[in-house]
Amino acid sequence: MKRMAVLFAVLALSGLVAAEAQDLSADGDAGYRQVTLEWSMAGGEVEGTVFEVWTNASNAFDLELATLHSTVMVGPTEGLAQPPLGAWYDDCSANGPTGTAEPVHRHPNGTAVVPLGTTDIRCVLTGMPPGEEVAIAVRTVLPDGQASLSEVVLSTSSGEDDLVGALPTSPYLFAIGSIVLSLIALLAGLRWLDARDGRTSSRSAHLFIAPALIALAVLTFYPVLYGMWLALTDADQSRLGEQAFIGFGNFVEVVRTSGFLRVTAFTLVWSVVNVTAHIVVGLMLAMALNSSSLKGRGAYRTVLLLPWAVPSYISVLVWRGMFEPAGIINDLLGTELNLLADPAGARLAVILVNIWLGIPFMMMSISGALQALPQDMYEAAEMDGAGPWTQFTNLTLPNLRSALVPLSLLGFIWTFNMFNVIYLMTDGGPNLDFDGPGSTDILITYVYDVAFRDGAYGVAAAWSVVIFLMLVAFSWTYMQRTNATEAVA
Amino acid sequence: MPKQTWLALALAALVLLPGCITEEDALAPGEEGVVQLSVWHSFAAESKEEAAFRAHIAAFEAANPGVEVDVTGVPFAEADRQFMIAAQGGEAPDLVRLSSDQLGKIGDVRVSGQPLLEDLRPHLTPNERSSYDVRALHAMRYEGALLGLPASQDCLSLLYNPLLFDTAGVGYPDASWTHEDLLQAAMDLTAGDVQGLAMPVKDAYWWFGFQAGFGGALFDANGTPTLDSNGSAEAMRWVVGLEQVHGVVLQGTQSESMKTQFLSSKAAMIVDGPWNWATYEAGRIPVQQTLLPTVGIDGDRIAPLVTYKGWSVAKQSEEKVWATKLALHLSSAEVQRTFALETYTLPTHVEVYDDPAVVEDPVLSGFLEQLMVGTPAPTTRGMALVYDPLVSAFENVYAGTMEAEEALRRADEALEADLAEAAA
Numbered sequence: 001m002k003r004m005a006v007l008f009a010v011l012a013l014s015g016l017v018a019a020e021a022q023d024l025s026a027d028g029d030a031g032y033r034q035v036t037l038e039w040s041m042a043g044g045e046v047e048g049t050v051f052e053v054w055t056n057a058s059n060a061f062d063l064e065l066a067t068l069h070s071t072v073m074v075g076p077t078e079g080l081a082q083p084p085l086g087a088w089y090d091d092c093s094a095n096g097p098t099g100t101a102e103p104v105h106r107h108p109n110g111t112a113v114v115p116l117g118t119t120d121i122r123c124v125l126t127g128m129p130p131g132e133e134v135a136i137a138v139r140t141v142l143p144d145g146q147a148s149l150s151e152v153v154l155s156t157s158s159g160e161d162d163l164v165g166a167l168p169t170s171p172y173l174f175a176i177g178s179i180v181l182s183l184i185a186l187l188a189g190l191r192w193l194d195a196r197d198g199r200t201s202s203r204s205a206h207l208f209i210a211p212a213l214i215a216l217a218v219l220t221f222y223p224v225l226y227g228m229w230l231a232l233t234d235a236d237q238s239r240l241g242e243q244a245f246i247g248f249g250n251f252v253e254v255v256r257t258s259g260f261l262r263v264t265a266f267t268l269v270w271s272v273v274n275v276t277a278h279i280v281v282g283l284m285l286a287m288a289l290n291s292s293s294l295k296g297r298g299a300y301r302t303v304l305l306l307p308w309a310v311p312s313y314i315s316v317l318v319w320r321g322m323f324e325p326a327g328i329i330n331d332l333l334g335t336e337l338n339l340l341a342d343p344a345g346a347r348l349a350v351i352l353v354n355i356w357l358g359i360p361f362m363m364m365s366i367s368g369a370l371q372a373l374p375q376d377m378y379e380a381a382e383m384d385g386a387g388p389w390t391q392f393t394n395l396t397l398p399n400l401r402s403a404l405v406p407l408s409l410l411g412f413i414w415t416f417n418m419f420n421v422i423y424l425m426t427d428g429g430p431n432l433d434f435d436g437p438g439s440t441d442i443l444i445t446y447v448y449d450v451a452f453r454d455g456a457y458g459v460a461a462a463w464s465v466v467i468f469l470m471l472v473a474f475s476w477t478y479m480q481r482t483n484a485t486e487a488v489a
Numbered sequence: 001m002p003k004q005t006w007l008a009l010a011l012a013a014l015v016l017l018p019g020c021i022t023e024e025d026a027l028a029p030g031e032e033g034v035v036q037l038s039v040w041h042s043f044a045a046e047s048k049e050e051a052a053f054r055a056h057i058a059a060f061e062a063a064n065p066g067v068e069v070d071v072t073g074v075p076f077a078e079a080d081r082q083f084m085i086a087a088q089g090g091e092a093p094d095l096v097r098l099s100s101d102q103l104g105k106i107g108d109v110r111v112s113g114q115p116l117l118e119d120l121r122p123h124l125t126p127n128e129r130s131s132y133d134v135r136a137l138h139a140m141r142y143e144g145a146l147l148g149l150p151a152s153q154d155c156l157s158l159l160y161n162p163l164l165f166d167t168a169g170v171g172y173p174d175a176s177w178t179h180e181d182l183l184q185a186a187m188d189l190t191a192g193d194v195q196g197l198a199m200p201v202k203d204a205y206w207w208f209g210f211q212a213g214f215g216g217a218l219f220d221a222n223g224t225p226t227l228d229s230n231g232s233a234e235a236m237r238w239v240v241g242l243e244q245v246h247g248v249v250l251q252g253t254q255s256e257s258m259k260t261q262f263l264s265s266k267a268a269m270i271v272d273g274p275w276n277w278a279t280y281e282a283g284r285i286p287v288q289q290t291l292l293p294t295v296g297i298d299g300d301r302i303a304p305l306v307t308y309k310g311w312s313v314a315k316q317s318e319e320k321v322w323a324t325k326l327a328l329h330l331s332s333a334e335v336q337r338t339f340a341l342e343t344y345t346l347p348t349h350v351e352v353y354d355d356p357a358v359v360e361d362p363v364l365s366g367f368l369e370q371l372m373v374g375t376p377a378p379t380t381r382g383m384a385l386v387y388d389p390l391v392s393a394f395e396n397v398y399a400g401t402m403e404a405e406e407a408l409r410r411a412d413e414a415l416e417a418d419l420a421e422a423a424a
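Those protein sequences? They're chains L and Z, same order as listed.
Numbers 1 to 489, taken from this note's numbering, label the letters of the first sequence in order.
Numbers 1 to 424, taken from this note's numbering, label the letters of the second sequence in order.
Calculated from the structure, these hints are not laboratory results.
A hint or two may mislead.
Unchecked claim - To list a few chain Z residues with every Cβ distance to chain L over 10 Å, as calculated:
no.	residue
1	Glu-61
2	Gln-288
3	Gly-299
4	Thr-401
As the list claims (entries may be wrong) - Chain L is faced by these chain Z residues, among others (derived, beta-carbon under 10 Å):
no.	residue
5	Ala-63
6	Asp-108
7	Gln-254
8	Ala-417
9	Leu-419
10	Ala-420
Virtual Cβ for every residue (Gly too), placed ideally from N, Cα, C.
Turn these sequences into a full structure, and let the hints guide you.
This is the structure we're talking about:
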């Protein structure tokens, strides 16, 4: 009887001892905040046995103060997923009777499951405090609730964090500094030439020009040159900082873009119609306000300046609301128009809004030029019998030419790149083209989409260079045809 | 040497000198022992969510005296873009709130070969991970990396104003409704300046659920786009027809204007998420919720897209351990419980699912029931790119320039082309 009791006790104890995790070893060189833990089982574990990994941020392990890190369960693995190493949130593998290490199976709730007969388990413990010693133990819990604790091992996660280095700004600062230094040298050289040739009155001129020129160099010349270089690379959001030179490939893509001609044509129509309306209406209003017989000129001028005074952001959003099907325009007209949903309607709407926004500036600029015109020539013309229309065409317009030419040129350039009206009114839509600009996109709004929605920085830079060249070509031709520089001189 | 020359040389030196200063030199050292974290949130300004969020930030600071948290609010729709721009300039915050359908786009971005978001897998213990709904956690993974901790989830459902139903003598919607019942009720409720239903018929996010209900799917099991799958065109026609054929949706309704309509009792039903519930209650609308209907008596239920909002750690963060702790705190059971009960934000913490207060709340339990029949939005490159082609498809169908089948076929082709280009 006594022998039977001893035998029974030995058998019971041997089951417990065999199911306990043994031979723990930990390696802290497993990666940032990771420690590899291995343990073995002598065999005898039963289904439902759970191995609990506990950690304690101290070299003295205390289960009361320890934190449950993870669990591995012994059980059937049929039907359970077995993600390969690297595919799950952490890596755990188990050696079976054959000795081959295989990834553990995963219960739908994420618990690692190993089959009966597993001899060794190896897990990468994640979430370890970096650089701090941690005490680790494995508690074996049998299905009947009996539990035993393994030996304690200490480990420190020594893996380094993969810190992102600071983006290099020195090359850019040196480039800007070099441009500025070159300009200073140029101005100094020109000043020396003036002094040598006896042009002493212009000695200070170079000094006065210097600040503006340096500011332009930093804020305009350098970004333009950088953009031109970017246009020759394959820069995009997936390889920023690692772009490679590809020549004119981006420009080819620009020309081949579906809708390239359409968006360019609309941009030209948009610019010409707006500038024409701004000048014609602005001139008419300026002449009306310039009339001395008009009562309440101050009040009219104030009211007509409001579109310019109110931030365009707010004005455009208000206009957008008014153009909505439930907006006030349909209420007043008694219609059910949905202009912004129709390509032609949306184009009409954005053009009308931009005309409304741009008239005050033209009106005030032309008004200033009108007031500078000598009145005696009108008196003389009136004495000669010239009527109002004759005076306007033969006196007013020719004398305003020196103001109208640069105004129209500036107006064209500004309108050509008028981003906010299109963006806020329609965001370039309605977009009926699956792979190209929207119905109301102008070149600059489409470039924004290419750069910041598609992340194609190189292509967007190429588009910007194309826009720049268009405007340079137009400006040069316009100034040549109108003799603008001669008029200014 | 003339004075001006000395002046010019001094100016040149001043301009060139910054180029000699490295990034490490330029950074001002923080107060010793104090950890400074910067957090970007995307809650609406002065909303209940923002108030709750700031209270929990203060609690975190109180519990961790050596940590200071600087909070900045960014518009939700712009959060991903602003984060990418800041990160590309080396100015990313330590922690940012993002949506799971934004991760696919950010996940592809590289600066000098480095991603913008930290893979949180090494930072979490399995026990910490097990706190979250498996679907929610999985939704925050992109190409294997865990890019955020899920703190909330949401989807569309059917909300209604019972007063308008009473006035029109129409029975309230319930889970037994079919899509035809919904249309008939909307038609019965549309009278005068009251519309039966408010929803933006051109917005793909609202259409996704109907596409699933009509038997379609965005992607197949391999992630290949199937925008023109069976039922998709029918779903598109049905949704657009709500406005253009039946007139139960106000012409030109958009996601912001539909809220105004429902708030001013000009719409009897609205397809909306839980995020506006508190606003409707504050506007004294006795809003109720029920499941979106099935398509036909024996058909599939309209399954809205389920998206998840979570906290992501920037790869550039120099305080990743603390940023992760803060992310764990902001997505903890306690914080999620507060958000759920105070702002109707649906939780992702398994402990909160079973919380009696949550279970007994009709709003939360109703939306949780809707979530269970929803479709989790895949966090894939395709999901990040799907919206642009669908915008064009809807615009064409709405404008009558294309049939739905053709529009979706073109959209599918465009998406496949975009995916091929992204993979190249």
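Results for each hint:
no., hint, verdict
1, Glu-61, "holds, 21 Å"
2, Gln-288, "holds, 26 Å"
3, Gly-299, "holds, 28 Å"
4, Thr-401, "violated, 6 Å"
5, Ala-63, "violated, 17 Å"
6, Asp-108, "holds, 5 Å"
7, Gln-254, "holds, 8 Å"
8, Ala-417, "holds, 7 Å"
9, Leu-419, "violated, 13 Å"
10, Ala-420, "violated, 12 Å"
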